[in-house]
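For the record, the sequence lines run as chains A and B. Per the numbering used here, the very first residue in the first sequence carries number 619; after that it's consecutive. Per the numbering used here, the very first residue in the second sequence carries number 99; after that it's consecutive.
Hints were generated in silico from the structure; no laboratory data involved. Be a bit skeptical, because a hint or two may be false.
Mimicking DSS-like on lysine-lysine, the simulated pairs with C-alpha atoms at most 27 angstroms apart in a straight line are [unchecked claim]:
| hint | chain 1 | residue 1 | chain 2 | residue 2 |
| --- | --- | --- | --- | --- |
| 1 | B | LYS173 | A | LYS664 |
| 2 | B | LYS111 | B | LYS141 |
| 3 | A | LYS685 | A | LYS725 |
| 4 | A | LYS664 | A | LYS725 |
| 5 | A | LYS685 | B | LYS141 |
| 6 | A | LYS664 | A | LYS685 |
| 7 | A | LYS725 | B | LYS173 |
| 8 | A | LYS664 | B | LYS141 |
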Amino acid sequence: QSVLTQPPSASGTPGQRVTISCSGSSSNIESNTVNWYQQFPGMAPKLLIYTNNQRPSGVPDRFSGSKSGTSASLAISGLQSDDEADYYCAAWDDSLTGHVVFGGGTKLTVL
Amino acid sequence: QVQLQESGPRLVKPSETLSLTCTVSGDSISTYYWTWIRQTPGKGLEWIGYIYYTGSANYNPSLESRVTIAVDTSKNQFSLNLSSLTAADTAVYYCARRHGSYSTFDIWGQGTMVTVSS
Numbered sequence: 619q620s621v622l623t624q625p626p627s628a629s630g631t632p633g634q635r636v637t638i639s640c641s642g643s644s645s646n647i648e649s650n651t652v653n654w655y656q657q658f659p660g661m662a663p664k665l666l667i668y669t670n671n672q673r674p675s676g677v678p679d680r681f682s683g684s685k686s687g688t689s690a691s692l693a694i695s696g697l698q699s700d701d702e703a704d705y706y707c708a709a710w711d712d713s714l715t716g717h718v719v720f721g722g723g724t725k726l727t728v729l
Numbered sequence: 099q100v101q102l103q104e105s106g107p108r109l110v111k112p113s114e115t116l117s118l119t120c121t122v123s124g125d126s127i128s129t130y131y132w133t134w135i136r137q138t139p140g141k142g143l144e145w146i147g148y149i150y151y152t153g154s155a156n157y158n159p160s161l162e163s164r165v166t167i168a169v170d171t172s173k174n175q176f177s178l179n180l181s182s183l184t185a186a187d188t189a190v191y192y193c194a195r196r197h198g199s200y201s202t203f204d205i206w207g208q209g210t211m212v213t214v215s216s
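Let's have the full structure, built from the sequences with the hints guiding it.
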């Protein structure tokens with residue numbers, strides 16, 4: 619059971635806009651920044667969005683992130699077939715001695 | 099171009115200690131925080147801990163009693179020791195560079211699959 623809650627799956631057709639949610643609590647998302655990772659089968663995760671809504675160099679502006687209160691969202695516009703991957707959110711959690719927590723991941727299918 | 103490469107055994111016996119090394123190339127290890135993350139088969143990601151070049155480390159409370167992360171600046175490497183292994187520790191182990199916030203990992207190794215089995 620992951621500390622951050624994501625829907626296990628999401629889907630869309632090419633060209634559509636899809637959003638993936640990430641729900642947390644006051645000790646993680648509400649008080650710390652959120653990052654998003656994209657992972658293809660057999661590959662290491664790749665940083666997709668950092669500090670809630672910033673894109674690393676090379677990430678298309680079709681990908682965007684937002685945060686409000688104890689939740690965050692990843693939006694993908696102009697969906698493409700090669701966006702089909704697993705997506706994870708992550709944040710620092712202030713509880714105990716402090717630690718990084720991840721969402722359980724969302725498998726995005728492009729129909 | 100910064101690259102990270104994990105190395106270590108692929109098969110470890112229950113109750114034994116796993117030792118993995120991450121070699122950093124293209125950058126000095128004395129610049130960032132360095133992290134271990136694992137991913138169990140078919141499941142999500144789990145943060146193990148991070149270390150700074152000074153040796154200061156922070157561990158996941160759920161693993162803290164079994165984990166040690168160390169750094170060797172002379173070799174530009176950092177390492178993971180995980181003791182008292184069980185089948186539940188079977189996973190792909192990644193090393194990564196932390197850059198910015200505590201949960202921002204901008205460069206990852208390719209990962210190494212470790213199986214705990216007798």
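We went through each hint and held it up to the structure:
1. B/LYS173 - A/LYS664: Given that 27 angstroms is the threshold and the Cα spacing comes to 26 angstroms, the pair holds.
2. B/LYS111 - B/LYS141: holds (22 angstroms)
3. A/LYS685 - A/LYS725: Roughly 20 angstroms between the alpha carbons, so the hint for A/LYS685 and A/LYS725 holds.
4. A/LYS664 - A/LYS725: holds (15 angstroms)
5. A/LYS685 - B/LYS141: holds (25 angstroms)
6. A/LYS664 - A/LYS685: Roughly 20 angstroms between the alpha carbons, so the hint for A/LYS664 and A/LYS685 holds.
7. A/LYS725 - B/LYS173: It is violated: about 38 angstroms lies between the C-alpha atoms, which goes past 27 angstroms.
8. A/LYS664 - B/LYS141: The given pair, whose Cα atoms are some 17 angstroms apart, holds under the 27 angstroms limit.
Checked against the numbered hints above, the structure breaks only hint 7 and satisfies the rest.
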